[in-house]
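Residue numbers (this note's numbering): 1 to 459.
Keep in mind the hints are simulated off the structure, nothing from the lab.
Positions of the beta carbon are idealized from the N, C-alpha and C atoms, including for glycine.
Each hint should be verified, as a subset may be incorrect.
For each label pair, taking beta carbons as the anchor points, the in silico distance ranges come out as [what the hints assert, rightly or not]:
1) Val75 to Thr350: 19 to 29 Å
2) Ala242 to Gly419: 50 to 60 Å
3) Leu432 to Leu175: 40 to 50 Å
4) Lys91 to Ala215: 12 to 22 Å
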Amino acid sequence: MPGPLLHSPNPPTVHGPVNLVYVGLAAVVAATSGLLFGFDIAVINGAILFLRQQFALTELQTEFAASSLLAGCVVGAAVGGALSDRYGRRKVLIFSAILFAASSIGAALPRDLTEFTAARLAGGLAIGVASVLAPLYIAEVSPAHLRGRLVSLNQMAIVTGILLAYVANWTLASLGPESWRWMFAVAAVPSLLFFIALFFVPESPRWLTETGREAEALHVLTQVSGAAQAGIELAAIKEAIAEESGALAELFQPGYRRALFLAVALAILQQWTGINTVLFYGSVILKEQVGGHSASAAIGANVLIGMVNFLFTIVAIWLIDKVGRRPLLIASAAGMILGHAGLALCFLQTPPPGPIVIASMLLCAASFAVGLGPGVWVVLSEIFPTRIRGRAMSIATVSLWIACVVLTFTYLSIASALGPSGAFSIYAVMCLITIWIVARHTPETKGHTLEEIERLWKR
1 MPGPLLHSPN PPTVHGPVNL VYVGLAAVVA ATSGLLFGFD IAVINGAILF
51 LRQQFALTEL QTEFAASSLL AGCVVGAAVG GALSDRYGRR KVLIFSAILF
101 AASSIGAALP RDLTEFTAAR LAGGLAIGVA SVLAPLYIAE VSPAHLRGRL
151 VSLNQMAIVT GILLAYVANW TLASLGPESW RWMFAVAAVP SLLFFIALFF
201 VPESPRWLTE TGREAEALHV LTQVSGAAQA GIELAAIKEA IAEESGALAE
251 LFQPGYRRAL FLAVALAILQ QWTGINTVLF YGSVILKEQV GGHSASAAIG
301 ANVLIGMVNF LFTIVAIWLI DKVGRRPLLI ASAAGMILGH AGLALCFLQT
351 PPPGPIVIAS MLLCAASFAV GLGPGVWVVL SEIFPTRIRG RAMSIATVSL
401 WIACVVLTFT YLSIASALGP SGAFSIYAVM CLITIWIVAR HTPETKGHTL
451 EEIERLWKR
């Protein structure tokens, strides 16, 4: 593996005025899929306590119920990129909005674990598709100097969805054993709003150019940054496309092979650093592994975790185009090492000290939110060629979701076999590997156009 591409040989492009309302609207609408994404993955945290009781789930069945959504995510991510390359980013996002709504209703009505799993698989399909397309779409409509912040809006929406899920769980828990049904059902409302809003945003100008619709692409680019800059950007997009074969095999050529390696590594490590043990199993950890917490109190503690996740994502959005991607990713992984070390030490004690467990979980959430959460999605959305960006994003995102399934499906089993202390020690090692990957192989893409980043891999 060659050494890292730390800097472009050319300075970042200087940009003129930008229509922030137009660009911002497109980014916010696309990022709404992230809100649904975050809600759907986090709602299980509180609902799982009632599901276990109502369906008398074993630990294996509990892992299955928690990870069934993620299996759908793998499939959705696998097909989302190819579908978007063929039909366009916006149309496929519309399809995902329909799936989000159907899944929300379906997950609220099951009579057994099988029906619940089927509904959650449909929701996973929607999340998988949206997780590929939302950051990709935002990156393709955003000017270079704002791209990091705007793509980070997707992560902001994800953590907002997570926080809303925790608040909804806490609020609805008082309804009793059937409260989990309402926890899932409420997501149907934002799903419908997302579906409607998508009809008011443009298609990606890069996809339009790729499919020969240059007049439409020029119109979108003009709306973003004015006629003069639009002509320059359209010419750069056409030049980049002309140099690409469009075949997926292009990713395995010497230059792009490094981009593929980096994308898959970051995607897997984002999950194996262990954040979803906190986001998915936080209530189980506090109620059953720490003890001394009622279901309502355990769910309430997760609201605090969601708030920290939310606030530090705001910090990340403010910093990512100032500090850059690499420093935030490294600092994030380092903070998570400390958080996991704290959890590992806590679980060596009997009983584990509840306040320190919660503090360590908060540190993990804050550290992830300020770097690895938004930063990995930003890098994935930036580093691939325009012509195959959708399919390349699918490979990276499928890798991410497979890693997420593995993490979620194994945590309770690992904690049972090695103890929670052993599990969190493994995640700390994964964070250390992440620091090495970022420091050794990740280029700094702050401020560069997508076409400039693409040329980095050809040198």
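Comparing the hints with the structure gives:
no.: 1; hint: Val75 to Thr350: 19 to 29 Å; result: violated (42 Å)
no.: 2; hint: Ala242 to Gly419: 50 to 60 Å; result: holds (57 Å)
no.: 3; hint: Leu432 to Leu175: 40 to 50 Å; result: holds (43 Å)
no.: 4; hint: Lys91 to Ala215: 12 to 22 Å; result: holds (19 Å)
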